[in-house]
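All chains should be modelled from the sequences, with the hints used to inform the complete structure.
Protein chains: 2
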Amino acid sequence: MTRIDPTSFRDINPGERLLMGPGPSDVPARVLQALAAPCIGHLDPYFLATMNETQQLLRHLFQTGNALTMPVSATGSAGMEACFVNLVECGDEVVVAVNGVFGTRMCDIVTRIGGKLIRVDGEWGRAIDPAAVEKAVKSCTPKVVAVVHAETSTGACTPLEEISRIAHAAGALFLVDCVTSLGGMDVPIDALAVDAAYSGTQKCISCPPGLSPVTFSPEAIKALERRKHPVVSWYLDLGMVRDYWGNERKYHHTAPVNMVYAIREALRIIAEEGLETRFARHRLNHRALVAGIEAMGLAMLVPEKERLPMLNAVRIPEGVNDARVRKALLTDFAIEIGGGLGQFAGKVWRVGLMGHSCRRKNVFLFLAALETVLKAEGFKARPGAIEAATAVYAAAG
Amino acid sequence: MTRIDPTSFRDINPGERLLMGPGPSDVPARVLQALAAPCIGHLDPYFLATMNETQQLLRHLFQTGNALTMPVSATGSAGMEACFVNLVECGDEVVVAVNGVFGTRMCDIVTRIGGKLIRVDGEWGRAIDPAAVEKAVKSCTPKVVAVVHAETSTGACTPLEEISRIAHAAGALFLVDCVTSLGGMDVPIDALAVDAAYSGTQKCISCPPGLSPVTFSPEAIKALERRKHPVVSWYLDLGMVRDYWGNERKYHHTAPVNMVYAIREALRIIAEEGLETRFARHRLNHRALVAGIEAMGLAMLVPEKERLPMLNAVRIPEGVNDARVRKALLTDFAIEIGGGLGQFAGKVWRVGLMGHSCRRKNVFLFLAALETVLKAEGFKARPGAIEAATAVYAAAG
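If you're matching them up, the sequences are chains A and B in order.
Going by my numbering, the letters in the first sequence line up with residues 309 to 705, in that order.
Going by my numbering, the letters in the second sequence line up with residues 309 to 705, in that order.
Do not rely on the hints blindly, as some may be mistaken.
Heads up, the list lumps identical chains together, so a pair's fine if it works in one copy or across two of them.
Said to hold, decoys possible - Calculated cross-link-like contacts (lysine to any residue; reagent style SDA-like; alpha-carbon spacing at most 25 Å): (1) K536 x D416; (2) K536 x T419; (3) K635 x Q651; (4) K613 x E469; (5) K613 x E431; (6) K536 x C415; (7) K635 x D551; (8) K635 x H664; (9) K558 x D630; (10) K558 x C415; (11) K669 x G554; (12) K635 x N555; (13) K558 x G650; (14) K536 x R420; (15) K446 x I312; (16) K635 x A607; (17) K530 x I421; (18) K536 x E397; (19) K655 x D551; (20) K536 x D551; (21) K530 x S472; (22) K530 x I312; (23) K635 x Y354; (24) K558 x K635; (25) K655 x R557; (26) K530 x T419; (27) K424 x G399; (28) K613 x G705; (29) K688 x A677; (30) K443 x V628.
Keep in mind that the hints were calculated from the coordinates and are not lab data.
Written as C-alpha cells, this is what we have:
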C-alpha cells in the first residue's frame, strides 16, 4: 500500500474556469503571481512589514480603526469559530439569528463550546426580522448577538443597523458573518458598531481560499481579556495570535506566508479600485443579471429588496434537472455555478457575481450559456435576456 | 482612519532567501508554480481528483494504509489541535511527554479541552526516556499517549518503537507529532503502530506553510466514533472533515484549493526522489554540517545519537551576540537560521536542513558564511570547516 508510481501523477493543470458559484471566485493573475513569490520566514523583516500592510489594507476594507484586524490562518469557517470561541464561555447566553446554512453553523459552534443558545429562526431566503431578534434578546441576558450579513446559502441580505442597536441596548456584543459581503458591498464595521466580524478570502476579495479576515472592536478585546477560562482553541486564541500580529511579534504558529502575500495583493487591487466603485460595480452587474434571468422567464428566490448583489439564487424551473444543467455549464462552457443547500437543494441555483468574477462580460456569457443549456433540457427560455441586461447597463450610462 | 493611498503599497517582492531555520524551508519552483495554477471550485471534478491524489501521495509519505489521511486546512499547530480535540474528551487521561516547546504546547491543548494531563518531563535537548513514559502510563488509565518525534525547539529525536509498545500495552492510542520529521526521516506510521499523527507542510515537505497533514488509524477512528460528546471544534471535527475528503464529498468548509495544489506537487517531488534516497540525503548533509560546525570549534546541543538530521541546534559561543549574528547572516548572505526557544533563547542557533534546503551547496555556503560572521564578532573559528564537511561527503562516495 505504500508503493506508488510517481510517474502516474501529472502536472497540476486545472484548465480555466469561470467561477460564478458561491465561491471561490475568479482570482486575478496579479494575486496568483503574488501567491507564487518566494516563501520566506514568518519572522523575516520583509514578511513582518507585509503583515503590517495587510492589516492596513484590511482595516480599509472593513472601514475600521480596530487594532485587532488580521487574517486568521485558516478558511472562513475557522474565522466563525475564532469569533465565537474567543467571546463565548461555557454558560454564556448567545442569541443567533438563523435564516440559512451559515446561521445554523453558528448555532452548532455555540453549542459545542457550551454557550447557552437562544436561536431566532427566520425564513430561509428572507432577511432576518429585527423585531424577532429584539424579542429574543429581551428574553435573556445575551453576551453576544450574532447574525449573518449575507447568507451564502440563499442570497438574502440582512441589514445590520437595527440589529446592532438592539444588541448594544442589551449590553451585548454584536457579531457579524460577512464572509460573502465583504469586498462586494458596504460593511462599515465602525459605523455599524460591529464588535466582531469574520470573512473569507475566496468570495468578493477574489483571493484563493485559505484565510479568514477577522476584526475585533476594543469592547470585544475587553471581553476577551475578562475571560474566566482559557479559550478552548489554542490555534484560534486571539489573545496569543495578536501578540504575533501586534508589536510583540511573539511566535505563535507559523503564518501561511504565501497566502498572506496573496491576500495583500487582492486587498491592494480593492484599494486601487476604490470601495464605492467596487460596490457600485457589484450592484450594477447584479441588476443586469437579474434583468436577464427574469426576462428568460426564471424567478429569483429572494424578494428584490432583500437580495445580495453578489449571490443570486435562481429558482430551478419545474422539470429541469439541477445536476445536469450545472454539469453542462461546467463541461460545455467551463462555468461553475452552485447548487442549493439544505432545504433549497435541487430547488435553486446559486449564481455568484463576486469580486473579479463580477463583470459585464461574465453576465452576458452566463445568460447565453444558461439559455443554451436550458434549451437542451427542454425548457424554452423567453427571448430577450441579453437585451434586458444590456438595457440595465445602458441606463446606468 | 479608513483612508488609504493604494500607490503606497508596492508589488510583493521578498527577494531570495536561503531558508535554513526551523521552517519554512526553501520551496522548489515547481511547487510555487503549482500554487499559482488557476483557482477552481472545491467541488470541481478536477479538484476532487486532485484531493484523491494528494491523499495517495500522503499515505505513501506516512507509509500507511489509513483511509483518514489528508491535509487539515490550517498550519501544523492546527493539526496538533485536530488530533487532540478529536481523540480527547473532557476527563480523559492523557500522558504527554515533554522535552521542548511543542510537547509543552500539547499540554496546553489537553488542558484547554478538559483532558486530565499526566505530564512526563524530560530534559530539553534530549530524547524522551521510555521508562519515564512507562512509569506515568502505569500510574493512570490513559486514553492517549502523546510524544513529539522531532522536537523543533531543540533538535532532539525521540525514538518511537518503545513508547508505542508502552502505549498499546496500556490500551492507549499513540499520538505523534512529526511536524519536523515527516519527509526528512523515516516515519512509518503503520509499522510503528501510530494511531494519530500530524505534520506541517513547511518543514521537510518544502511546501509553503498553511496545511497540516494528518493521519488516523482505524483504532483512532473507532475512538472518534465512540465519543460521548461532539468535538469541541467544528472546524477541526474530523468526523465531518472526512465526509468531504472521503467518498461522500459532503461540503464542510471550502478547501484551500491552491495550497492543496502545492502540497500535491511537493509530495510528488518526494515520491520521485524516493523516501530512502531522501532520508539518506538528510542524514548525509546533517553529518557534513555537524563535521563543519565541530571543526570550527563550536558544539552541538544534542548528544550525537539523539540528534535530528534536519534540525541542528548549535551552542552559541561565549561572548557572541545571538541576534547580531543572525541579522548579519540574513543581511549579508540572505541566510535565515533560527534562534533558540524557551530555555534555549539566546543559547543556541537552530540550523535547518529541511527538504529542498537540505543540499551540499547550502551546507558549504552556511559554514563559510557563519565563519565570516563569527570573525566580525571577534570569535575566531578554527580553520578547516569546509574540509571537514568535504571529507564527510567524500567518505560517502
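Each hint tested on the structure:
no., hint, verdict
1, K536 x D416, "both (22 Å within a copy, 16 Å between copies)"
2, K536 x T419, "both (18 Å within a copy, 14 Å between copies)"
3, K635 x Q651, "within (21 Å within a copy, 58 Å between copies)"
4, K613 x E469, "within (16 Å within a copy, 65 Å between copies)"
5, K613 x E431, "within (15 Å within a copy, 65 Å between copies)"
6, K536 x C415, "both (22 Å within a copy, 19 Å between copies)"
7, K635 x D551, "between (47 Å within a copy, 22 Å between copies)"
8, K635 x H664, "within (23 Å within a copy, 40 Å between copies)"
9, K558 x D630, "between (50 Å within a copy, 17 Å between copies)"
10, K558 x C415, "between (33 Å within a copy, 19 Å between copies)"
11, K669 x G554, "neither (42 Å within a copy, 37 Å between copies)"
12, K635 x N555, "between (50 Å within a copy, 19 Å between copies)"
13, K558 x G650, "between (42 Å within a copy, 12 Å between copies)"
14, K536 x R420, "both (18 Å within a copy, 12 Å between copies)"
15, K446 x I312, "neither (62 Å within a copy, 40 Å between copies)"
16, K635 x A607, "within (21 Å within a copy, 63 Å between copies)"
17, K530 x I421, "both (20 Å within a copy, 23 Å between copies)"
18, K536 x E397, "both (8 Å within a copy, 21 Å between copies)"
19, K655 x D551, "between (46 Å within a copy, 23 Å between copies)"
20, K536 x D551, "within (20 Å within a copy, 35 Å between copies)"
21, K530 x S472, "within (18 Å within a copy, 44 Å between copies)"
22, K530 x I312, "neither (53 Å within a copy, 28 Å between copies)"
23, K635 x Y354, "between (44 Å within a copy, 13 Å between copies)"
24, K558 x K635, "between (48 Å within a copy, 17 Å between copies)"
25, K655 x R557, "between (49 Å within a copy, 20 Å between copies)"
26, K530 x T419, "both (23 Å within a copy, 24 Å between copies)"
27, K424 x G399, "both (5 Å within a copy, 21 Å between copies)"
28, K613 x G705, "within (23 Å within a copy, 76 Å between copies)"
29, K688 x A677, "within (13 Å within a copy, 73 Å between copies)"
30, K443 x V628, "neither (41 Å within a copy, 67 Å between copies)"
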